[in-house]
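**Q** Residues per chain, in single letters:
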Amino acid sequence: MPAVEELLPRVSKPARYVGGEYNSVRKNWDEVEVKIAFAFPDVYEVGMSYLGLQILYHAVNSRPDALLERVFAPWPDMETLLRSKGIPLFTLESHRPVKDFDILAITLQYELTYTNILNLLDLAGIPLLARERGEDKPLVVGGGPCAFNPEPLAPFFDLFVLGDGEEAVHELIDLWREVRRQGGRKQDFLRELARRPGFYVPSLYRQEGKGVVPLHPDVPARVRKRVVADLDQAPFPPRPVVPWVEAVHDRAMIEVFRGCTRGCRFCQAGMIYRPVRERTVPILVRQGEEVIRHTGYDELSLTSLSTVDYTCLLPLLAGLKKLRLSHPLTVSLPSLRVDAFAVGVAEGLTAGRKSSLTFAPEAGTQRLRNVINKKVTEEDLLRAAEAAFKAGWQRLKLYFMIGLPTETEEDIKGIGELVRAVLAVGERCGVPHGRLRVAVSVACFVPKAHTPFQWEPQISQEELRERLRLLQTELRREKRVELSWHEPRMSLLEAVFARGDRNLAPALLEAWRRGCRFDGWREHFSFPRWEEAFTAAGVDPYAYAYRRYAYDEVLPWDHLDAGVSKKFLVAEHQRAYRGETTPDCREGKCVGCGVCPSLGVRPVLAEEGRDVSLSTGLS
Amino acid sequence: MGHLDLVRLFEQALRRSALPVVYSGGFNPRPRLVFAAPLPVGVRGLGELVDVYLSSLLSPALIQERLAAALPQGLALVGVRRVPLEAPALASLVAGAAYRAEGELAGITPKEAEAARQAILKASSLPWQRRGPEGAKVVDLRPGIKQLQVEVKGERVVLEMLVRAGQEGNVRPEEVVALFLKTGGFAGEPEDFLYYRTALFAKSQGERLVPLF
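As you go down the protein sequences, you meet chains A and B in turn. Taking the working numbering, the leading residue of the first sequence gets 1, the next gets one more, and so forth. Taking the working numbering, the leading residue of the second sequence gets 1, the next gets one more, and so forth.
Just so you know, not all the hints are guaranteed correct.
What the hints assert, rightly or not - Calculated cross-link-like contacts (lysine-lysine; reagent style DSBU-like; alpha-carbon spacing at most 30 Å):
{"no.": "1", "chain 1": "A", "residue 1": "Lys85", "chain 2": "B", "residue 2": "Lys182"}
{"no.": "2", "chain 1": "B", "residue 1": "Lys153", "chain 2": "A", "residue 2": "Lys85"}
{"no.": "3", "chain 1": "B", "residue 1": "Lys153", "chain 2": "B", "residue 2": "Lys122"}
{"no.": "4", "chain 1": "A", "residue 1": "Lys137", "chain 2": "A", "residue 2": "Lys27"}
{"no.": "5", "chain 1": "A", "residue 1": "Lys13", "chain 2": "B", "residue 2": "Lys137"}
{"no.": "6", "chain 1": "A", "residue 1": "Lys13", "chain 2": "B", "residue 2": "Lys182"}
{"no.": "7", "chain 1": "A", "residue 1": "Lys589", "chain 2": "A", "residue 2": "Lys566"}
{"no.": "8", "chain 1": "A", "residue 1": "Lys354", "chain 2": "A", "residue 2": "Lys321"}
{"no.": "9", "chain 1": "B", "residue 1": "Lys182", "chain 2": "B", "residue 2": "Lys146"}
{"no.": "10", "chain 1": "B", "residue 1": "Lys111", "chain 2": "B", "residue 2": "Lys182"}
{"no.": "11", "chain 1": "B", "residue 1": "Lys111", "chain 2": "B", "residue 2": "Lys153"}
{"no.": "12", "chain 1": "A", "residue 1": "Lys186", "chain 2": "A", "residue 2": "Lys137"}
Hints are computed from structural coordinates only; laboratory data are not their basis.
Chain B with its partners taken away, still in its complex shape (with noise of 0.2 Å):
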């Protein structure tokens, strides 16, 4: 599901939990909603995260209650948390996100996955290049790189990382994987995997990273 489409169901669950959600003005009010980052499409969310902007003083217990039993199945409200007004916006915050990718490659060994592992991380800079809509340009993928690690059992492989989010840029989860496959000679595309997000972070004392709930 595209970004756009996730925002639009989350204002029709909004206005089906009737939660004393807080409106935009304009000819064509929507309810005040940001969420933290877009999901993109066919990345799995294990802990996104919303700004709601309520009219009212509530109960956390009391907003999960309701707006719990609008979301469709698939769509689980983890928690709710009150956020002073005056505080950043979720949006403004994120530096950072975690993602897992889930797949299998035929042959792979343990040790082929940790050396290839090595390599991108002891590299210098990852040139690549990425095509947007206005054409490919090359991009240095190194330093959105923070974390990398790799698990295999059989054929069984699973990629944890850590990579830039936000609006110093973004790294994508498939373009590691693909860095991945390249750098290990592993036959596989980035296609076979399933990706989640697992969490999103933000900054804290400098470049360091921590989970934003």
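Okay, chain A solo, but in the shape it has when bound (with noise of 0.2 Å):
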């Protein structure tokens, strides 16, 4: 498609639509009998830093009779080449219009993405609405977090795939491949998918009042997530594509497990991941060789949802040192647990570049945290701090969450007085006046599916910027502190799509209409026009965000089953209100929420010779 080129100098940053990175992997069309695009809803730069694609691309690739090739949400400056000349949107390896493929699939990792689908679907040339596409048009499959209520989705979507999905996709693929052979339609296939664990295929259910119900008797009332129950055993990319242009986090990634038990009160990731499941040393030393040798990445980031907490860190640690590489390499962690194991950890890492730190305390108080169930002392916060700034960092970066349920102005002010005592400590640990920076990073509690506080209702908009003003009064006199926020209407429109139902959907095509776009991105995000879109659909927003919904009723996503069971949120819910925290069951005592026994899995550590799965099957 030389019609390519010739866009290219017209748009900013051209390398994010040329494809032929190193170790991309272009096949040959007409050899291949399934053809999938996979999509993320954001431009090349985040979407490249997204481990999940780069394991799905292996995934499919490796397969002889499968493709998967990239597209990415244009940027608008190229959005507006597109349309202007009558380009469908096209892949990245073959440069062929999306609507070609077999199958388009969209990670769905973020709410305020949803317009760039439907952005992405446009620029295809695909109809929107799911009924109104024929035979000859893509599937369109979902999966990611956002996949756990996919809802205010559901009529532009085939598919959603709950879960893991290094599985997942295979069965797709092999059962497209058997159907299309037989001369199958796309309703067949996905009639016999809707069967299977994992696939949610959103026409064959109704909404019938807020929950959700299936339309024939062989189609099930709950779907449940897939599970890979043995990450050793599940296929890695040691070839990931490497992008032209710097991504948002430009290093080598290995995955050390997946699932947290930790069990924060207000996370998402924490409820739908688990149970954990680590890999082992042995497997992770081997893979990262393999992603560095084969990628010249001099930086490896060692991920999960709490990499601190891997039983077997100092031995991976040990082993990675131990690998002879030809060039110098830096490993990282994507985050720090708040304490000063933690800290030593980061430290023996650095190899003497201090830039900053990060810790998440999430909440000012030890009420709130207890609340939350954020297992972090002001004492470990402190002791943490001091270990950093004795070890020479100058500059940590603390994450707050404020409007969290229970909250009140004395655990805004808490936020205050944990900032001043750490800066109180980087004093007394002697770091020069000017160069002691504290950078305090504040977020607004937006409930999610699936986790103990879906049932609470986010505070108001005049509230949380009530809240952060106080905030600010409260650390104005403060020259060392940086103090930065998510913007709370973009919260809220997290929170109206987290807890939403089909009835969003009209709102969220009237929205693109209006031209919604990278709403993620605050220089295209404009609440007036989700306003507008609002009113036209006839929905009301908050009545998804600020109401409390109640336990008795039926939840969007109740048909979606995360293994988590309910029984355990509402439990959850309520220790919260007591102040009640609950352990780690890694720990070794089973805490009863219900995903072992549900999914047929336990918690798999790397560690020698614990068995936490003795413990786990009482519950």
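Both chains are sitting in their own frames, so use the hints and assemble them into the complex.
**A** Here you go:
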């Protein structure tokens, strides 16, 4: 498609659209039976940082009978060009129109990419509504964390995949091949797939009240998520695609474990990716070596939801250090646990360069930290800060959340006090006055499906802004504090879609028609346009974000089973209000979340001689 | 691709090649490499040059083989030459660059194109407004344009130019094309052209430019 070449000089960052990167795979189109386009509904540099894309790229392209090519959301300058020249959206590998593929898989990472999804479909020339797509149009499939409540997107998708994708994708391809070879239609394929775990076909269900029920007796009432039981056996990309231009996270990655059982009550990832499944050290060292050799990165990130919790972290680091590479390598952790041990680990990794360290105490008082089950004390934080300052760091970054359930003025002031206490530690440790910095980053609480706080309302915009002002006042005199926060109106939209149902789809469509794109980017986000869209669609967004959902009401995601039982979530929600914490099941005691018995899996820890499975079957 | 991205890409390729590259010191060691001249975004390089420092003497053929295998498609390693350590750095030698610009202009005739070329080369000065980060300023492009050739076949126009580059200043190929369009009164935009840098030049015996590779 020579047309693409001519577009490139007219857009910013043309490298986003060329393809052909090192380790990218280009297959012979005519020799492959099943063709998948994989869309990340944000810009190239963001999407290329996403490990899940690399995993599926590898899994599918390893099959001789299938191919997977990438496509990202075109930046508005490219969108304008594509539209004015009538060029349909194309994939990076072959520059073929997305509509020529059998399947368009779209990853659902974040609610504020939903308008980009509609835009992608439109630019591809694919009808937005699933029911308007004929047999000749690609099957549109969604997956990722937002698939655990995909209802606002239901009319636009043919299928959602729940949970780990590595095995499900093969099942999907196999069945597609089979059905197509027998001359079957999309509907035959979807009907068969719907009976299997992990596959949710929204058109086979309808919304009844707030809940969603199957239309046919052979369609299951609840769809259970997929879990890869043994990550050591799961495919991992030894040759990930190396982006042309610097990605947001521009480094090699290995996934140390999946799942997290710390049990923070606001955290969706901590619930939907259960149980914890660790990889073993020899596998990780081998994967680390391969990915470094085949990419040429000088940094290896050990990813997971909480890498310092990895039971064999020190042996892993020792193993990586022993690797005989032809170039220097830095090992890094995406986030740190709030304690001195974590700082010690970080210090061992930095080899002198100390830019800044990040901790997430999340709340300003012990009372509120107990409510959210963030088992970190002020002492932990101050000790961690002390260790960091003594080791030579001069800048710390602290993550907090405001608008959490039960939060009061005291808790906001508590953030200020905690930050001042950290500054005092810095002074005491002799950090030069002009160098000492604490960056405070504030997110607004967003109630998420499948969490103990799924019933909680989000506090109003006025109240959120009031609390932010209070915090600003608290920290006003501290010149050494850099305060930043997530835009509350974006958080509002996140809450609306995170807890939304099918009635939101028309509002989404209206917003996209009004030009909403890249809503997660401040320079593109327009709340007035969204307000107009809600009004036009006759939808009250506040009824989703600000309303307390009741325990006994059917929730829009109740038919989707992440393994964690509702009983457990209710119990956790009640413990939150009593200020009681719940331990991590990795400590040995099962907390009865329900994942292991319902999914037939067990936590897998890499630590030798430690058998947690004995205590988990008991719940 | 921006210049820094190209540097990043070469660093990665050198690490993948496992050649005995010299690394910079400091907390963040990087392969020691220096490009002769940054390639502007949107321009395709057909003969870019880079100095790479190795810690042991390897045959150029071996380096060629190992590094070529580590480069992504679209980046071909044209050749490898051994340069003594005491030789001046490439970047300090660059004094000129050859560019090719290809485009289509409706209704253009070879005669008109030639007239525009002549007008440019015969002008004693060519004031040009250049917009930079510190606002607009007027520069004279004429001394920086060393050679200019224009070929017209039907509507297809190819400009070959040799312009000043390096430490004494740069003339950008799209500036020359814009000048050409303006001088000839042709309807078109510099953005409608495809640009190639075909070679880099050094000074030899005074002002004469000779190819660097």
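**Q** Next, verify each hint and record whether it holds.
**A** Each hint, compared with the structure:
no.: 1; hint: Lys85/A to Lys182/B; result: holds, 26 Å
no.: 2; hint: Lys153/B to Lys85/A; result: holds, 25 Å
no.: 3; hint: Lys153/B to Lys122/B; result: holds, 24 Å
no.: 4; hint: Lys137/A to Lys27/A; result: holds, 21 Å
no.: 5; hint: Lys13/A to Lys137/B; result: holds, 26 Å
no.: 6; hint: Lys13/A to Lys182/B; result: holds, 28 Å
no.: 7; hint: Lys589/A to Lys566/A; result: holds, 20 Å
no.: 8; hint: Lys354/A to Lys321/A; result: holds, 19 Å
no.: 9; hint: Lys182/B to Lys146/B; result: holds, 19 Å
no.: 10; hint: Lys111/B to Lys182/B; result: holds, 16 Å
no.: 11; hint: Lys111/B to Lys153/B; result: holds, 11 Å
no.: 12; hint: Lys186/A to Lys137/A; result: holds, 10 Å
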